[in-house]
Amino acid sequence: MTELTGYRRANGTWGVRNHLLVLPARTAANRAAEEIADAVEGAVSVTHEWEGLPGDPDAGLVARTLTGFAANPNVGAVLLVGIDDGDRPLARAIAGRGQTVHLLAMAEHGGTAGAVAAGVGIAERLATSIAGWEREPMPLSALAVGLECGGSDALSGITANPALGIASDRLVAAGATTMLSEVPELVGAEEILAARAINDDVARRMVAVVHDFERSVEALGVDIRGAQPTPGNIDGGLTTIEEKSLGAAKKAGNAPLTGVVDFAEPPTIPGLYVMDTPGHDIEQMVGLVAGGCQVVAFTTGRGTPTGSAIAPCLKISTNTAIFERMEGDIDLDAGAILTGEETLQSMGDRIHDAILEVAAGAPTCSERRGNREFAIRRTHY
Amino acid sequence: MTGRRRPDGRYGVRDHVLVLPSVVCSTNAAETIARESGAVHITHQHGCLHVGDDLRHTEGALIGTATNPNVGAVVVVSLGCETIQGRRLARRIEDAGQRVAFVGIQAEGGTERAVAAGRDAVAEFRELLDAAPAEPLPDDAVVVGLDRPDDALRAALEARGWQVVDAPEGLSAAESHVALAGAGAQVIVSLRGAGEAPLGFAVCPVVAVGRDPAMYAALHDDFDLGEAGVDEVVARVEATLAGEPTASERRGARDFVLHRLAVTM
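So the protein sequences, as listed, match chains E and B.
Counted the way this note's numbering counts, the first sequence spans residues 1 to 381.
Counted the way this note's numbering counts, the second sequence spans residues 1001 to 1265.
One chain only, chain B, in its complex shape (with noise of 0.2 Å):
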């Protein structure tokens, strides 16, 4: 197995450049960026008039997905009249030791040229990243987020030398992977039971394991697999983390819902 070394000592298993807007009303220039350059990004509806709590809160989770070790660098795309200020988020997001650069809608003069900005950004980050080699994975680098508590699935990925981190409590599934993806964690395994459907992460391949027959029948294609074992489920995050997209990466789910601490203003 093989990942991508960051300059702060972790390793990625996934090697994205994160076009990661603001706020929501940049959301329609990153999807531009990301899909005219071939980035991933996340669509949000916040980053403007947050309070309190909840402003920190939604600065740390965005600032969590944009250092995930799967991304080898982030162009932060601002609107510039938000909350939280594009640029102070940048520059956040780089103290945590990643690459990243800034584009501002209202800096740059208007959608278009934020757009060929972002490009560009993306392409540069996109040769620097292609230019290095991959390198040996430890396994005491791989980090499993697990969307929901099962100690026997714990104690066999612990067995393999991997740490485990578990979602904090109070979150829905999608939530919980935000939360994840900011702990470190390269993958994600999602255990969904009766009438959960399968979600996806921008960053974080997300296994997604169907531990309801009905639900898995009926929506086979989008889960990893079905009433699987542990050492099945074992298996699948290593073949995950060895490169095989996990079925929320073929269909190009980023299912990003932010767990809020107060309404919006």
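With the rest of the complex left out, here is chain E (with noise of 0.2 Å):
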């Protein structure tokens, strides 16, 4: 089995890739920070929506989403393209991570050109100060994995998502970390996580957070079932969202349940949680990142080429007509399992190993193809 390796923090924490990250703090910085990432060998760029307006009710989620995603152990140095100094307090926030930051702001710059070819210079020296890192032998319970299923079919539930569960119990029995999340998804199956709870404190918290969403569903006055399942997931064979929501559970195998946590809040202890974030795969993705994931495990029926510009997204096919039909987007193909090639514990072996070698450093299709999906998770409207 692999070793597994990676970069040790300063702060403790040990990432398995070592990014230089240009992030805008601001709408209005998504331009310069594209060009500065482009022009420098080795740094990655994401782009947002967030205009950091006066006032917006939702500062303090996406400051600890931008944070949290700025601090994840993967990124060695954060090239941070604010407008002036109201984007200092994000600067300090990522500091205050024990993250390595340099706040660009384009306003001492003249605008987007100078920011630019200030920006390309700071980003190179940061480059190179970041490479001298080396990976070293990481323990296990330093590593975070997410636990992702986006454009489910009915397959979902009965190879590749009890498949990764299978990766899941042995990951944190080995005293790892792993992160199921989408809420909306797990409607139907609070009762049977809640009964997995370490204490009673958890299991009240995992039925709260899907009471809660239901809650807040219904103050809309909206039906969920109008986004729950997705077209894809009815052209799949999935015909509720609590059919649906059970086979997302199974991504989480039987470990104990040690905790529910916040959007974009990383957890204390290893063990199994439960994040609570929207269905949608790029939110949830940016969110199990921001809290501390290092690697995404991310089951597709349907088949997507999602990446996140941070971390390794490995893909898992349900069935192996996607799988194939999606050649280079796609990692591992769990339909095997149907075919009687492969069993379920034989493949959530192979999973369990392949999260280790794309943590140890081999690359996923995603990273090759540079995907770098990002969303803001808002709650405010």
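Because the hints were derived from the structure by calculation, they are not lab data.
It is possible that part of the hints are untrue.
Far from chain B by the CB rule (all over 10 Å, computed), these chain E residues [to be verified]:
#, residue
1, 12
2, 44
3, 97
4, 114
5, 198
6, 339
7, 353
8, 354
9, 360
In silico contact screen, one side only, chain B against chain E (beta carbon under 10 Å); selected entries [to be verified]:
#, residue
10, 1025
11, 1037
12, 1048
13, 1112
14, 1113
15, 1214
16, 1217
17, 1257
Calculated Cβ distances over 12 Å to all of chain B for the following chain E residues [to be verified]:
#, residue
18, 158
19, 169
20, 240
21, 242
What you are looking at is a predicted structure, and each value in this text was computed from that prediction instead of being measured.
Glycine included, C-beta positions come from ideal geometry on N, C-alpha and C.
Got two chains here, each in a separate frame; can you build the complex from them with the hints?
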């Protein structure tokens, strides 16, 4: 089995990648951040729709998200591209998590062109400084893996999700952390997860997080069935949100539930967690990565190219047809369980090993393609 | 001044092929297509797990951007399983009188094939658009969007025979640019105050006016004008209509921010 290796960060966390992240603090800095990242070897950037307007009630949530994303241990250093002094609190929050961060304020450079010229030089220096980090043997207790599904079909709950559950159980038993998410897709499965909680408090939170979501949907006066299952889920043979949920929860195997965390909140001790995220593939992936996941394992029935700018996303198909059809987008095929080439157990073991190989440096399909979808979770409208 | 006459009778002052992702999951494929074919694209984080009015509004915003008269043709890039179904989106854009091609990542069989199909579609549209001559732009075909009310400026623009559309209330400037593009504005005038950095939009030139001297001084390269008089703004709009790139176009800013009506599911 692959030995787990990573980059030991000064704050005690471990990265499995060593990225230089060029992060825009606000929408108006998107273009400058993109241009800097394009010009510097090894730099990655994301763009987003957070304008940072005064008095926005989502400011705290967004700050936690951007801070957590920048502080993910896969990031060796951050060039935060801001507008002016108003972006200093975000830079301080990122630094407060023990991350190396440099704030580039566009207002000090006359705009985008000047900021890019200055930023490329700073980014090159940061890239050089993080290139000195070397991999060393990493304890499994320092690894956190997100468990995600997107574009589910009727086979999700039969092949890829339970196989990922077996991998998750092995990781948790060995002392690692795994995180299930997408609360809307746990509707109907909350009692099953709560029954596995390590104490009554966690059990109550597990049920509450699903019920709070259901109440928020009722308050909107909408029917969740308008969005869940999605058109693709239905084409793939799923009929109800409960059916989708029971399959989705299989990703978490049978390990005890150690805790329920808020969106983008890092867990404190290893174990299996549920993070309170929406079902939206990218919002939840950003939440998981902002919560410290260094790797995301992502099952898909309909097929998706999804990836994160800073965390390898290992994609596992539920059926062989989509694996073959979307060549180069999906890493592993759990459809082999249906043909008898693999058992659930052997596939679970393969996924487990692949997660460790990816953590040790093997690139995923989404990394080869440079996928870097990003989305900011909002809750106030 | 010349423009591009569209099949519905409106005129564009730019002649973009827009690569439009129907969902966040296809934004990287859309970006690759645009980069490799010289088209414009938007990046957004939406398209899946919307409910109720928010779903209709989001679809409307994407259609509005795609049918702006500066856009000569659209390549919709879909994943396939998303809530805002790419095929339906493409059909609705076509029903609105726009040239449109559809590329689905799941339908084509993966990112690589989708990108190749998208590049081909852009190239075909580009050839078609480039073959059409520019025509004189009638004043009454000009629509200018204002992202903040300004009566004097409005009167001066209208005195030229141009239509002026205002941003809906309650939107941020970036959100209002989506609405103004959807209302058919060929040029957006963005009036920026204290603490407000200039923005751009993928399919419309944005004339950014820095009315706060400190902000203008700090970010002058990204503004088109500082504390300018009404006549100066009108003259800059006229130059922009005639094809002179704005600061937002020069730096390639395409700040798509969608006003949402409900939380993502």
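Checking against the hints above, which ones are violated? Violated hints: 4, 11; rest satisfied.
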